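Trainee: Here the structure of chain A is known, so what remains is to put chains B and C in place on it, guided by the hints.
Residue numbers (numbering that gives the first Met the number 0), protein chains in the order written: chain A, 0 to 264; chain B, 0 to 204; chain C, 0 to 595.
Derived by calculation from the structure, the hints in this document are not laboratory data.
Quantities reported herein were computed from a predicted structural model and do not represent experimental measurements.
Among the hints, a few may not be true.
Listed next, the in silico BS3-like pairs over lysine-lysine satisfying Cα-Cα at most 27 Å (straight line) [to be verified]:
(1) C/Lys397 with B/Lys81
(2) B/Lys46 with A/Lys249
(3) B/Lys116 with B/Lys60
(4) C/Lys495 with C/Lys478
(5) A/Lys33 with B/Lys132
(6) B/Lys92 with C/Lys400
(7) B/Lys77 with B/Lys12
(8) A/Lys182 with A/Lys107
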Amino acid sequence: MATGGCKEIHVRNIELTGRITSDVRCSLVKDIVKFILYHREQIPLPYEQLKYYFERQENIKKGSEARKLSQLLDSVQELCSNLDLLFQTTSDVGQILILLGPTIATPKEIFEIKFTPNPLVGPLMEVPSCKMCSRLLHKSLVTYNTLIDINPPSLTSMHILFHGQRSADTKWFKPKHNFKIPKRGQHFTFQIFSKQSKSVKDPCQPIRGDVEGSECHRKEQNGINIREGTVADKEDFLWFMAPTIIKGIKDSVLCIPQQGELWVQ
Amino acid sequence: MAATSSANTITLKGSAEIVAEFFYYGINSILYQRGIYPPEHFTMTKKYGLSILVTTDESLKSYFGSVVKQLEEWLTQKIVQKVVVVVSSADNKEEVLERWQFDVETDQNVTVDSKPKEKSKSDIHKGIVSVIKQITATVTFLPLLEVPCTFNLLIYTDKDLETPSSWEESKPFLIGNSEEVKLRSFSTSIHKVEAMVSYKVQDDD
Amino acid sequence: MVRWHNLPIISWEKNCACRTNGVYEYSLYHAPNGTFFTEEILENSSVSYEYFKMDIPEENTVVLNMMGEFNNFLLNKFEKSKQEQSERMQLGERLSDKSRIARLESELEGLKRSSKRARVETEKEQSKESEEKKQLEKQVEDLRSKIALLVKRDEKISEELSLAKSSKDTLRKQYDDQIRDLKDKKLKVETALQDLQLSTRSHISKLKNEISRKDSEQSMLKTTLEQTKTQLHQQMRKAVEAGANRRTLEEYKAELYQIKQTNKELLLQIEENKDAVSLAKAVGNDVTRLPQLEEENKRLTKENEYLRATNENNYLLKEKVVGLEAKLSRTENRLTEMARLQVLNEELEEKNARSEAMISKLTKDGSNHDSNLDELKKKIKDLEEKNQEQNEIIQMYKDQKNMKGDFDPTKTKVLSFAFNPAAELKKKKEEEERKLQEEVEMLRERVRILEEMGNDANTQEIKVQLERRNSKEVDDLKKELQASELRTQRLKEVFKRKIHDLREACYRLTGYLINNPSDNQYNLISMYAEQQSDMLLFRSTPEGEMQLLENDFSSSLPDFIEAYLKQQDSIPAFLSSITLDLFSKQTTMIMGESQM
Numbered sequence: 000m001a002t003g004g005c006k007e008i009h010v011r012n013i014e015l016t017g018r019i020t021s022d023v024r025c026s027l028v029k030d031i032v033k034f035i036l037y038h039r040e041q042i043p044l045p046y047e048q049l050k051y052y053f054e055r056q057e058n059i060k061k062g063s064e065a066r067k068l069s070q071l072l073d074s075v076q077e078l079c080s081n082l083d084l085l086f087q088t089t090s091d092v093g094q095i096l097i098l099l100g101p102t103i104a105t106p107k108e109i110f111e112i113k114f115t116p117n118p119l120v121g122p123l124m125e126v127p128s129c130k131m132c133s134r135l136l137h138k139s140l141v142t143y144n145t146l147i148d149i150n151p152p153s154l155t156s157m158h159i160l161f162h163g164q165r166s167a168d169t170k171w172f173k174p175k176h177n178f179k180i181p182k183r184g185q186h187f188t189f190q191i192f193s194k195q196s197k198s199v200k201d202p203c204q205p206i207r208g209d210v211e212g213s214e215c216h217r218k219e220q221n222g223i224n225i226r227e228g229t230v231a232d233k234e235d236f237l238w239f240m241a242p243t244i245i246k247g248i249k250d251s252v253l254c255i256p257q258q259g260e261l262w263v264q
Numbered sequence: 000m001a002a003t004s005s006a007n008t009i010t011l012k013g014s015a016e017i018v019a020e021f022f023y024y025g026i027n028s029i030l031y032q033r034g035i036y037p038p039e040h041f042t043m044t045k046k047y048g049l050s051i052l053v054t055t056d057e058s059l060k061s062y063f064g065s066v067v068k069q070l071e072e073w074l075t076q077k078i079v080q081k082v083v084v085v086v087s088s089a090d091n092k093e094e095v096l097e098r099w100q101f102d103v104e105t106d107q108n109v110t111v112d113s114k115p116k117e118k119s120k121s122d123i124h125k126g127i128v129s130v131i132k133q134i135t136a137t138v139t140f141l142p143l144l145e146v147p148c149t150f151n152l153l154i155y156t157d158k159d160l161e162t163p164s165s166w167e168e169s170k171p172f173l174i175g176n177s178e179e180v181k182l183r184s185f186s187t188s189i190h191k192v193e194a195m196v197s198y199k200v201q202d203d204d
Numbered sequence: 000m001v002r003w004h005n006l007p008i009i010s011w012e013k014n015c016a017c018r019t020n021g022v023y024e025y026s027l028y029h030a031p032n033g034t035f036f037t038e039e040i041l042e043n044s045s046v047s048y049e050y051f052k053m054d055i056p057e058e059n060t061v062v063l064n065m066m067g068e069f070n071n072f073l074l075n076k077f078e079k080s081k082q083e084q085s086e087r088m089q090l091g092e093r094l095s096d097k098s099r100i101a102r103l104e105s106e107l108e109g110l111k112r113s114s115k116r117a118r119v120e121t122e123k124e125q126s127k128e129s130e131e132k133k134q135l136e137k138q139v140e141d142l143r144s145k146i147a148l149l150v151k152r153d154e155k156i157s158e159e160l161s162l163a164k165s166s167k168d169t170l171r172k173q174y175d176d177q178i179r180d181l182k183d184k185k186l187k188v189e190t191a192l193q194d195l196q197l198s199t200r201s202h203i204s205k206l207k208n209e210i211s212r213k214d215s216e217q218s219m220l221k222t223t224l225e226q227t228k229t230q231l232h233q234q235m236r237k238a239v240e241a242g243a244n245r246r247t248l249e250e251y252k253a254e255l256y257q258i259k260q261t262n263k264e265l266l267l268q269i270e271e272n273k274d275a276v277s278l279a280k281a282v283g284n285d286v287t288r289l290p291q292l293e294e295e296n297k298r299l300t301k302e303n304e305y306l307r308a309t310n311e312n313n314y315l316l317k318e319k320v321v322g323l324e325a326k327l328s329r330t331e332n333r334l335t336e337m338a339r340l341q342v343l344n345e346e347l348e349e350k351n352a353r354s355e356a357m358i359s360k361l362t363k364d365g366s367n368h369d370s371n372l373d374e375l376k377k378k379i380k381d382l383e384e385k386n387q388e389q390n391e392i393i394q395m396y397k398d399q400k401n402m403k404g405d406f407d408p409t410k411t412k413v414l415s416f417a418f419n420p421a422a423e424l425k426k427k428k429e430e431e432e433r434k435l436q437e438e439v440e441m442l443r444e445r446v447r448i449l450e451e452m453g454n455d456a457n458t459q460e461i462k463v464q465l466e467r468r469n470s471k472e473v474d475d476l477k478k479e480l481q482a483s484e485l486r487t488q489r490l491k492e493v494f495k496r497k498i499h500d501l502r503e504a505c506y507r508l509t510g511y512l513i514n515n516p517s518d519n520q521y522n523l524i525s526m527y528a529e530q531q532s533d534m535l536l537f538r539s540t541p542e543g544e545m546q547l548l549e550n551d552f553s554s555s556l557p558d559f560i561e562a563y564l565k566q567q568d569s570i571p572a573f574l575s576s577i578t579l580d581l582f583s584k585q586t587t588m589i590m591g592e593s594q595m
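Chain A extracted, bound-state conformation (with noise of 0.2 Å):
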């Protein structure tokens, strides 16, 4: 039982504060896939710094390892791109799955990110940037002391899922409708919360139980999109994958000049 049957769920809560519009939701979305990619060393250099380097053909070993290397590069991009459409049409992306590992049913380590919906708006609700939630974002998972005790798997994909309305209108993620989170495989949750202020006071108050409340109480979160459906239909849900894997590559395709080297090709 000591690789990958732990049933144990790690989860990390990311506190931000006021109210969080979907493309930050989305820019920490791509922040996180950097991040894992890097910290679980399916790359050997931080993304932006690996990317810089080989825009300029620095440091960089040619052959097959810059092929895959630029194919990652690419996977990567056409991931970011089409997330940012997926977060600016659709509005109910509430969670988000990164699995490490040979396929989706037996992954390595699996990342949930779930987006709790924002505290109810209040007129000076604050709006962070994706700047400052970004650097919140990385003091937190900087200093989450288990997921660093934890080994980090060998080479291996990035697979990518978000769970959203069957309805939802994507042409590039792919549904898959028997697809269940694994049970195997070590399970770490990203719960990003965003406190309010207290001086806001809550309008609705959802304990009232009606469907009038909960339909106000929806209302006002998902800014966008109104439902016109009473209840949350939960067989409407489902998860929809990324068609392109990220595959991981190794340390030897950078080539650091040692001290006294001036050039290495």
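Mentor: Just chains B and C, lined up with the frame of chain A:
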């Protein structure tokens, strides 16, 4: 004479050497990561299985030589309490922007002639590696240092130590209005080093 | 109807007849077996044969019959074919007509269609052209308006240009005036500078004269130095010899001392040996006594044991006695105490009765107190919890303070290396500031002087300023001069030393001391010269030759001159011969002296 430490045991002197060495590489990493000196002033070395950048500036190298040597001596004397890297702006304001603090806890029962303690070198290196990796990762959330900066090293020692020549008592250079983040620690079973960083809260974005 | 026999005969051959009607050729062949056949070459050049048999009663009749029949046959055939032909031709004509009609009809339709198309196209073209025409008209209008604008702009610009030109002219005049002024100033400054340069040059030449003087003094001193040095060498040689003598003396002394020491030691040893001998004698005595002593030893140990055992018994008995005595005293004490306690008991019983009464009173109060106690206990718990919370908060604050870098000054002190980067940076900045301030001061001075100069060009003040500036230059020059003087001095010392060593070596190896009193003149004095004034004078010519000059000494060597200079033309041989001659003279003299 105390037995020299092997791969699985550690003496007081050996531990002091390891910790002093860690400070040399760790502080160099901080100088590179925070851009206190430009990247051209650094060269890559392999240590602990990582690629770490250390300074090539001659005056800095000699500064480190003196300080690290003294630090090793004091660690052997078990009187080091903290090692602090103070990052301040290079203009006339001399404002303290960042403070990297390493708390040192020493087992007071160990002496130079004590029997070596059981601790494998690979475990110690693992601990050091995780600290240095985390220092590197802090770049993602520490506020940008937008002005040119300089740094200073402070060592908190026991009060009754005789201050050697070329060292002097100094202020602690605290930051007003700061945020603190606790980082990882490592232990040689004789010395325990806990890392933390505090930085000036900026009102941007 | 064509009659075959009327047709012209074109050939008549055996078994064959050919006739033609101009259109068709017919041949009649008579086959040997009695059959006849006609060959009809039709219009289309095909040939048809018809066979028919005939009786051959007689040749002529047959032939005539045959001819008649043949003619009829042919006529029939001809008519048929003609009819057919005409029918065919009519059909053909009809068909061709039909086809023609069809063709023409289709052509007609085609033409209609094409004409329609052409019409449509022309209409389209027309419309296009009209549109284009409209567009072009619009463009023309736009262009016209633009032209108008441009013309206006052009006018404006030309106005501005004229203004600019006028302003430029005025500015130019101003600048020219300024340039003239500055040139005048510059001339003045240059003349002053030249004066100063002259003065400095004269100064420099004076200093150089001094240097040359000093050099000549130095050379004189050097020659005296050399002489004293040679004396010194001689003295040193003597000293070395004396030293050697002293050393041998000291060695002898040391040897003597050592021998004395060994002597003493040997005497001591002799005495010790005597002592040892006496000791040995004593030991011998002891040895004889040894067995007796052993017996005594055994006896004594046995006695010792016996005595120890009795001692122990004594101790035990003493302890028992002490214990019993203690017991006795204790029991006596107990008895007295019992008596006392009984008294106390009576007293306490009285007290008890009194206190019971009190207790009953107190229990009544107690119930009140209990409830207070409970409250107090609750309060205590609450306070303890709050205390814990406070402690936790305090701990948190302490941790936070610790993370910020706070410390207890009674237990800790903060040290920093004096030559740290931050301090160095500060020093650098201060240096830079100081330098900048100095520069600023200097520049201010200059500006002040220039301003004053601007008002009245006073040569005195220019001189002051220039002097101030030049004094610095002069200081620099003086420093340079000093440095170069030092350098030349050192070089001279080195050269003099080298030259001296070389001359010394020459003297010792060749036997001649060569002096150079003036340019190209050389005096040679032999090591074995009989008197100091015996010197040979040589002069080197501009062509590079060496000439011997006449003097008293040279006139005493005519043979040598003759032999080696005039005949062999070798100065080294000449000199060597003189050396040998003088040397031989010296040794004979010495030998002569010693003999005497």
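Trainee: Are the hints correct? Go through all of them and say.
Mentor: Here is how each hint holds up against the structure:
1. C/Lys397 with B/Lys81: holds, 15 Å
2. B/Lys46 with A/Lys249: holds, 20 Å
3. B/Lys116 with B/Lys60: The hint is violated at about 33 Å.
4. C/Lys495 with C/Lys478: holds, 25 Å
5. A/Lys33 with B/Lys132: Between lysine 33 of chain A and lysine 132 of chain B the Cα gap is close to 16 Å, so the pair holds against 27 Å.
6. B/Lys92 with C/Lys400: holds, 24 Å
7. B/Lys77 with B/Lys12: Satisfied, since the Cα-Cα distance of roughly 10 Å is no more than 27 Å.
8. A/Lys182 with A/Lys107: Distance of about 10 Å is within 27 Å: holds.
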